[in-house]
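These protein sequences, in sequence, are chains A and L.
All residue numbers for the first sequence refer to the numbering used here, where the first residue is 4 and numbers rise by one.
All residue numbers for the second sequence refer to the numbering used here, where the first residue is 4 and numbers rise by one.
There could be a bad hint or two in this list.
Unchecked claim - What follows is a set of in silico ranges between Cβ atoms, one per label pair, in the way DEER data are often shown:
no.	chain 1	residue 1	chain 2	residue 2	range
1	A	84	L	117	20 to 30 Å
2	A	112	L	26	26 to 36 Å
3	L	109	A	86	32 to 42 Å
4	L	68	A	94	41 to 51 Å
5	A	50	L	94	38 to 48 Å
6	L	121	A	10	24 to 34 Å
What the hints assert, rightly or not - Straight-line C-alpha distance at most 27 Å; calculated DSS-like pairs for lysine-lysine:
no.	chain 1	residue 1	chain 2	residue 2
7	A	84	A	120
8	A	118	A	84
9	L	84	L	25
10	A	118	L	41
11	A	41	A	118
12	L	118	A	120
13	A	120	A	25
14	A	25	L	41
15	L	25	A	84
16	L	120	A	84
17	L	41	L	25
18	L	84	L	120
19	L	118	L	41
20	L	84	L	118
21	L	41	A	84
22	A	84	A	25
23	A	84	L	84
24	L	41	L	84
25	A	84	A	41
26	L	41	L	120
27	L	25	L	120
No lab work stands behind these hints: they were computed from the structure.
Glycine is no exception: its CB is placed at the ideal position from the N, C-alpha and C atoms.
Given next are the chains, with one letter for each unit.
2 protein chains.
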Amino acid sequence: MTQTAINMGDKLAAFNDLWSPKIIAGFNGHDVMVVKVKGEFNWHSHPDTDDLFFVLAGRLTIQMRDGDVVLGPGEMYVVPKGVEHCPRADEETHLIIIEPAGTPNTGDPETAVTKTKI
Amino acid sequence: MTQTAINMGDKLAAFNDLWSPKIIAGFNGHDVMVVKVKGEFNWHSHPDTDDLFFVLAGRLTIQMRDGDVVLGPGEMYVVPKGVEHCPRADEETHLIIIEPAGTPNTGDPETAVTKTKI
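Work out the full structure, taking the sequences as your base and the hints as a guide.
See the structure below:
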């Protein structure tokens, strides 16, 4: 047990790679992660889990088949499990995301990145 | 499915009562909530769940039996399940907290407040 506050600014200062989530805490079998994104990801869905996005800085468009949601700082959206989505950020954007530990970020273990702890 | 960003500022503007979590989203069987706190809560623990705190504004001291953690804006802490804690805020403090749906905020259904959706 680490009795230290987890500071988002410190964590974000520790890396610069894009679309590569970093684990900052564990919570009930989930990974709490920060990630920097810019550009467009791919269309995917997670059959077994909702996908929580919280914007710390920048602007994130979560494209979905029946409409987009645009998030600025201090805004959150939960993509329900099974719903196809494609995140896009026209500027560099910093997010908190929460997914069950081991969830492939692309929805497919073949193409997923490894999530590292920082 | 609501295709609308969940804005923390808007949600926090919608209520003023203290220590009364408001549900703003669902995520994998959990309630994502905002809450305003000031003063000291009570010592309690949750035997079956971790307790995630994220500070939006103000300053939260999470007192634990083997030491305190102090959180400012943009800082997070996860109290592991079973660990006794007593949150305290010397000024009004605004938080995001995440707990499984139905978790009593005091650790005891007898004394817990009802969490309402906003």
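Status of the hints after comparison with the structure:
no., hint, result
1, A:84 with L:117: 20 to 30 Å, "holds, 27 Å"
2, A:112 with L:26: 26 to 36 Å, "holds, 33 Å"
3, L:109 with A:86: 32 to 42 Å, "holds, 35 Å"
4, L:68 with A:94: 41 to 51 Å, "holds, 45 Å"
5, A:50 with L:94: 38 to 48 Å, "holds, 44 Å"
6, L:121 with A:10: 24 to 34 Å, "holds, 28 Å"
7, A:84 with A:120, "holds, 24 Å"
8, A:118 with A:84, "holds, 20 Å"
9, L:84 with L:25, "holds, 22 Å"
10, A:118 with L:41, "violated, 37 Å"
11, A:41 with A:118, "holds, 18 Å"
12, L:118 with A:120, "violated, 33 Å"
13, A:120 with A:25, "holds, 5 Å"
14, A:25 with L:41, "violated, 32 Å"
15, L:25 with A:84, "holds, 23 Å"
16, L:120 with A:84, "holds, 21 Å"
17, L:41 with L:25, "holds, 16 Å"
18, L:84 with L:120, "holds, 24 Å"
19, L:118 with L:41, "holds, 18 Å"
20, L:84 with L:118, "holds, 20 Å"
21, L:41 with A:84, "violated, 36 Å"
22, A:84 with A:25, "holds, 22 Å"
23, A:84 with L:84, "holds, 26 Å"
24, L:41 with L:84, "holds, 23 Å"
25, A:84 with A:41, "holds, 23 Å"
26, L:41 with L:120, "holds, 21 Å"
27, L:25 with L:120, "holds, 5 Å"
Hint check: violations occur at hints 10, 12, 14, 21; the rest are consistent with the structure.
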